[in-house]
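Peer 1: Those sequence lines, one after another, are chains A and B.
Okay, so the first sequence: first residue is 2 according to this note's numbering, each after it adds one.
Okay, so the second sequence: first residue is 2 according to this note's numbering, each after it adds one.
One or more hints might be untrue.
The list that follows gives simulated cross-link-like pairs (lysine-lysine, DSS-like), each with its CA atoms no further than 27 Å apart [said to hold, decoys possible]:
hint	chain 1	residue 1	chain 2	residue 2
1	B	182	B	200
2	B	383	A	250
3	B	250	A	382
4	A	110	B	12
5	A	383	B	250
6	A	65	B	12
7	B	110	A	110
8	B	233	A	12
9	B	233	B	182
10	B	383	A	65
11	B	182	A	250
12	A	439	B	439
13	B	153	A	439
14	B	250	A	110
Hints listed in this document are in silico derivations from the structure and should not be mistaken for laboratory results.
These numbers were taken from a predicted model, which means no experiment stands behind them.
Protein chains: 2
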Amino acid sequence: MPEIIEPRVLKGFRDYLPDAEKARNSLLTRLESVFRSFGFVPIDTPALEYAEILLGKGGGETDKQVYRFTDNGGREVALRFDLTVPFARFMAEHVEELYLPFRRYHMAKVWRGENTQRGRYREFMQCDFDIVGTDSASADADIVLVIAEAIKALDAGEARIRINHRALFNRFLSRVGCLDKSVSILRSVDKIAKIGMEKTKELIGAEVGKGIADEILSFIEPEKDFEATLGKMASFCARGDQEADAARKRIQDVYDIVLAAGSADYLSLDPSITRGLDYYTGVVFETFLNDLPSIGSVCSGGRYNELAGLYTTRSLPGVGASVGLDRLLSAMEALKRPLARESLPQVLLANIGDVGEVELHRVASGLRSRGISSEVFPEPKKIAAQYSLAQKKFIPYALLLDRSALERRVLPLRDLEQRTTREFSNLDELVNFLEAAKA
Amino acid sequence: MPEIIEPRVLKGFRDYLPDAEKARNSLLTRLESVFRSFGFVPIDTPALEYAEILLGKGGGETDKQVYRFTDNGGREVALRFDLTVPFARFMAEHVEELYLPFRRYHMAKVWRGENTQRGRYREFMQCDFDIVGTDSASADADIVLVIAEAIKALDAGEARIRINHRALFNRFLSRVGCLDKSVSILRSVDKIAKIGMEKTKELIGAEVGKGIADEILSFIEPEKDFEATLGKMASFCARGDQEADAARKRIQDVYDIVLAAGSADYLSLDPSITRGLDYYTGVVFETFLNDLPSIGSVCSGGRYNELAGLYTTRSLPGVGASVGLDRLLSAMEALKRPLARESLPQVLLANIGDVGEVELHRVASGLRSRGISSEVFPEPKKIAAQYSLAQKKFIPYALLLDRSALERRVLPLRDLEQRTTREFSNLDELVNFLEAAKA
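Okay, chain A solo, but in the shape it has when bound (with noise of 0.2 Å):
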């Protein structure tokens, strides 16, 4: 006998079983509903590119956590870190055969040799939605209005997407003169829900002087509302700087268009949302769900001036988000709100020995056209072993046909959660009760 090889997968790799993997796919097909309402088309890119490519400006912290080799034809290749970089080069690649603005979305596996002690995996899946070729109220808004529906169509409960536009905040730091600290003063301010108030002003205070500092914390404070915190973050701006008062006007156009669609109650404007990333020129935003606000963001994103800059010349303005689908998969675990439990096969045809195979499938065959989705058990076996197996995959019924029920003329259908069975004359009438039951 050959020697046996331990099946096991890498370190920070995962296999999806059954259920998690109905989960996830439950979770992306109504994602995938939102994002085409709204006109947004799929794209997919190679798995593996050139080094080149992916790493272009190099030197950063991801380059180390990169998966990357020579082939065997010599190319230095390597596996994608993220959706962005490919994005930007299939837009610099394909922008004369496609359209502006252009509406994509990407959903696909991502690779990271990351630490994997802070319980994050090497493989996961992302999962990108972009507007290009646009700097428009309208195509920010209409992120916005994905996020929001999104939420809803997940059921996941009331939800807060925080927004707020890069230049504002940094126009008020240029006024008190401290645009050059912009970057680690951001940061600082990123770290606010963790370190708390008091840290965070000490912090920056200790940069840039006690006064600065106290007015930043006053400037991150929300007011009672959207239209009175945007007044207060423009006056903390210079008057007459145009900047900040287009950066207002887009804030405000996005409101109104937001409002007018009806999800204004998903969104709050929040002078403390920076994004960490520096690629960020306009809106900004976070997304968080009421009911489980500890989780953190579970879509985030906002409006970059130039997407592809380093693959053409050409102007590729866009605006755009990922969403946390892990994040987001927690989430619905813990709001009871159990997607793997969704389409399910409906009926278990039980092999009960006494009715042969041939007749089971004529059944089984008969419900599924009617839309019934039905599963036979193919060979004899104890019942128990047969309910067994309808538990584990959420089966909620089975037929019972054995001799008797056949010389009957009837379809005994057990219910297993209830341990009742009730007896059907009919295909017609067994389907009726199903698709009742479905609802």
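Let chain A serve as the given structure and place chain B on it in line with the hints.
Peer 2: Showing chain B alone in chain A's frame:
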């Protein structure tokens, strides 16, 4: 200005632009719905695994094509080159957490560094479905039934699933004393469609003599119907050969089930179907579209005795098939079934410029909440450019909301193909029209 990196993908890899990706998605969604209606559940496994796991036996033709490398942790890893090997590892690892029979489907990418001159891609998607943990006619038949239902769901016209049983062929070869040459004989028979009857007879004759070659060619000639062909095949085996009798009974049982389930029109017994791979031990099958036989089999598979022998001592017999996605996609294209046009945005809200985006988004949101997918053009632009975008996205209608329409309280809908405009007096009327247009 930094140097521009030329945007390009690796040789043998490709991007999926929206139409291609939508077509692939539509195909997968339809297949998935058929799989689920038979109780199949989805799983997923990592793209990257230990090279030892994936290449177990090693040394084969596939071996050279595998993308393998040493990761940053010094592990020998490889990208999966099919979905069968990871599934075998998966079953060996998780069988205790699962249930038997286990029906799974897996639709995912695989990678092979193949010679691209043959028009092959180095990254492509596979779609496998199997029933593991049972050696029964019922499971064999279920695979055939899934294929038949998939062909129907895809509206791919008439098709023929050609089935055979490895044991019948082998028992016949045993009787004529050629079992030891079965692999090369099966390989010659497999070429019959390509090289023709005479050439095949010559090939086999050179190996086993003309008399036996004649018998083999006579054996693989189908008779007028399923029953007659099966009878002929059995008559070529030795009398009282129990293995041959069991194989004959299995084929008959599968046929009876498929007949009862209403799909016998799709099934034919073809003694010349052998499948090249030697791990099949029972039924084998290939599927051909009647309207496009030249593209080859669009779904092939068979029964195997041991799925996971490399990784476990537990016996896991199974039956399954693999869908030829790229072939099916080409076929759908050739058969003028434009999968990409499904689930398009239905309406483009044109941006004429004298009505603000707020109003456009209000209407778009009203349409979406009534089930009509709608895209807002984000900025005022020449109407020709907006129509051009609609055309490229297959959006059939444009709503031309301008100041005059607002004042007259009408909703002017442009049929972009007919080039006619029709006015509706409220949203519900518009929605009714669009719903009717969908069907």
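Peer 1: Are the hints correct? Go through all of them and say.
Peer 2: Results of checking the hints against the structure:
1. B/182 with B/200: Holds. Residue 182 of chain B to residue 200 of chain B sits at ~18 Å (cutoff 27 Å).
2. B/383 with A/250: With Cα atoms ~24 Å apart, residue 383 of chain B and residue 250 of chain A stay inside 27 Å; holds.
3. B/250 with A/382: holds, 21 Å
4. A/110 with B/12: With a Cα-Cα distance of about 21 Å, the restraint between residue 110 of chain A and residue 12 of chain B holds, given a limit of 27 Å.
5. A/383 with B/250: Cα-Cα ~24 Å, so holds.
6. A/65 with B/12: holds, 25 Å
7. B/110 with A/110: holds, 10 Å
8. B/233 with A/12: violated, 55 Å
9. B/233 with B/182: Measuring from Cα to Cα gives roughly 22 Å; hence the hint holds.
10. B/383 with A/65: violated, 47 Å
11. B/182 with A/250: violated, 82 Å
12. A/439 with B/439: Holds, at roughly 26 Å.
13. B/153 with A/439: holds, 25 Å
14. B/250 with A/110: The hint is violated at about 46 Å.
In this structure, the hints that do not hold are numbers 8, 10, 11, 14, in rising order.
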